[in-house]
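With chain A held as given, fit chain B onto it using these hints.
So the sequences go chain by chain: A and B. Heads up: take any position in the first sequence, counting from 1, add 21, and you land on our numbering. Heads up: take any position in the second sequence, counting from 1, add 21, and you land on our numbering.
Keep in mind that the hints were calculated from the coordinates and are not lab data. Quick reminder that beta carbons are idealized off the backbone N, C-alpha and C, glycines included. Each hint should be verified, as a subset may be incorrect.
In silico DSBU-like links for lysine-lysine, alpha-carbon gap of 35 Å or less [stated by the list, open to error]:
id, chain 1, residue 1, chain 2, residue 2
1, A, K200, B, K200
2, B, K200, A, K88
3, B, K200, B, K112
A few chain A residues facing chain B, derived, Cβ under 10 Å [to be verified]:
id, residue
4, G26
5, F59
6, L90
7, Q134
8, S135
9, R136
10, M138
11, V146
12, R153
13, L179
14, G220
15, M221
16, R223
17, Q224
There are 2 protein chains.
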Amino acid sequence: MQNFGYGVLRVVNPYQVAFREAVSAVSAAPLLQSAQEFDTVADAVADCSLVVGTTSIGHRELQHPLKLLAPGASIIRRTSGNVGLLFGSEKFGLSNDDLSHCHWLMRIPTVDQSRSMNLGQAVAVCLYEIARSQATPTEPKRTRPAPMRDIEQMTQMLLEASRRSGYMNPVVATSTENKVRRMVRRLNLSARDVSVWMGMLRQILWKLGNSK
Amino acid sequence: MQNFGYGVLRVVNPYQVAFREAVSAVSAAPLLQSAQEFDTVADAVADCSLVVGTTSIGHRELQHPLKLLAPGASIIRRTSGNVGLLFGSEKFGLSNDDLSHCHWLMRIPTVDQSRSMNLGQAVAVCLYEIARSQATPTEPKRTRPAPMRDIEQMTQMLLEASRRSGYMNPVVATSTENKVRRMVRRLNLSARDVSVWMGMLRQILWKLGNSK
Chain A
22 MQNFGYGVLR
32 VVNPYQVAFR
42 EAVSAVSAAP
52 LLQSAQEFDT
62 VADAVADCSL
72 VVGTTSIGHR
82 ELQHPLKLLA
92 PGASIIRRTS
102 GNVGLLFGSE
112 KFGLSNDDLS
122 HCHWLMRIPT
132 VDQSRSMNLG
142 QAVAVCLYEI
152 ARSQATPTEP
162 KRTRPAPMRD
172 IEQMTQMLLE
182 ASRRSGYMNP
192 VVATSTENKV
202 RRMVRRLNLS
212 ARDVSVWMGM
222 LRQILWKLGN
232 SK
Chain B
22 MQNFGYGVLR
32 VVNPYQVAFR
42 EAVSAVSAAP
52 LLQSAQEFDT
62 VADAVADCSL
72 VVGTTSIGHR
82 ELQHPLKLLA
92 PGASIIRRTS
102 GNVGLLFGSE
112 KFGLSNDDLS
122 HCHWLMRIPT
132 VDQSRSMNLG
142 QAVAVCLYEI
152 ARSQATPTEP
162 KRTRPAPMRD
172 IEQMTQMLLE
182 ASRRSGYMNP
192 VVATSTENKV
202 RRMVRRLNLS
212 ARDVSVWMGM
222 LRQILWKLGN
232 SK
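Looking at chain A on its own, in the form it has when it is part of the complex:
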């Protein structure tokens, strides 16, 4: 919840021993410490304008419209007012009584053989999807591509190394040259990388030159 910027956690009728222990732990997150406790689902969602239940079951609850996470999340994002996202216990999910407080149900698309998810993971996936287009993606700056001048210079150095090392067969030199030239261009080198490559090749050439 914290990772995706959601701050209001409400628990309904929790198992008191475990809940008290978790809330009062030294390492308890502020979000957990400020969790609000309710006796009934009705109380917990009283100030919500939309209540969405989560289920892994699929087609059993015919009483409720069922949406997959992505289209469901898109409706949630566009809803004004508080939205309550209701999760059941890990073992039993939501009861029919719980479900009766929901406008509709939402399901994370999983493989059919393994539908039931870990509760914390299900919450994380739902909130990721709901938050996804809030955060405008700030892509890192693309690296500057190397100018062809440098690409060709690197090609020449590589060809020279091939000659000095005996890799290139003089009989098919032209075809090998073209092959190497195309190959270097396929690398899509950045300006920064091409200078590292040239530094390396320069040193190799110097050493190969010495050995002639």
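Relative to chain A, chain B alone:
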């Protein structure tokens, strides 16, 4: 992993006590029981054609291209061959050495105040996003990417050439090694090109060896 249909779990150098206990537990999932164990990241990703590291940090690792989860997942879906998704320990994340085996890094978009995620939740969110729309329009066939085994072999040959030619300063050898490793991965070599490169480097190494 099971929820989203992914079946191959590989662990690198796990804490043996906890790992043995988890795998041999009566309730252990088949996926965990069949987890493969490796000593090094290089071995674990040897048959992958793309290796993606995960990070919560954002802008510290300037050495690597960083993508947000959604655009990153879209690339992963379109990649042919095995894709390795690399997660670090919950406490420390991935080391610089781990990162040097990655082509690029991926980040789950979180709020700035709370970037570090629970490991299981981070895995769930990543796999949900990667699995979300399998039915993407089929891309034109790309050339077959080189397996990481070959990429690493080429890296080792290039490093050896750097040593023999005197390019590599022994004082900063580790940092140079990581730099070169990252650089080779940025080339996105095809299976065919990598064998040409290795042929060239083999010949250069032979000649450099002679000159010692």
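Against the structure, the hints:
no.: 1; hint: A:K200 x B:K200; verdict: holds, 27 Å
no.: 2; hint: B:K200 x A:K88; verdict: violated, 47 Å
no.: 3; hint: B:K200 x B:K112; verdict: holds, 25 Å
no.: 4; hint: G26; verdict: holds, 4 Å
no.: 5; hint: F59; verdict: violated, 25 Å
no.: 6; hint: L90; verdict: holds, 8 Å
no.: 7; hint: Q134; verdict: holds, 8 Å
no.: 8; hint: S135; verdict: holds, 4 Å
no.: 9; hint: R136; verdict: holds, 7 Å
no.: 10; hint: M138; verdict: holds, 5 Å
no.: 11; hint: V146; verdict: holds, 5 Å
no.: 12; hint: R153; verdict: holds, 7 Å
no.: 13; hint: L179; verdict: holds, 7 Å
no.: 14; hint: G220; verdict: holds, 7 Å
no.: 15; hint: M221; verdict: holds, 5 Å
no.: 16; hint: R223; verdict: holds, 8 Å
no.: 17; hint: Q224; verdict: holds, 4 Å
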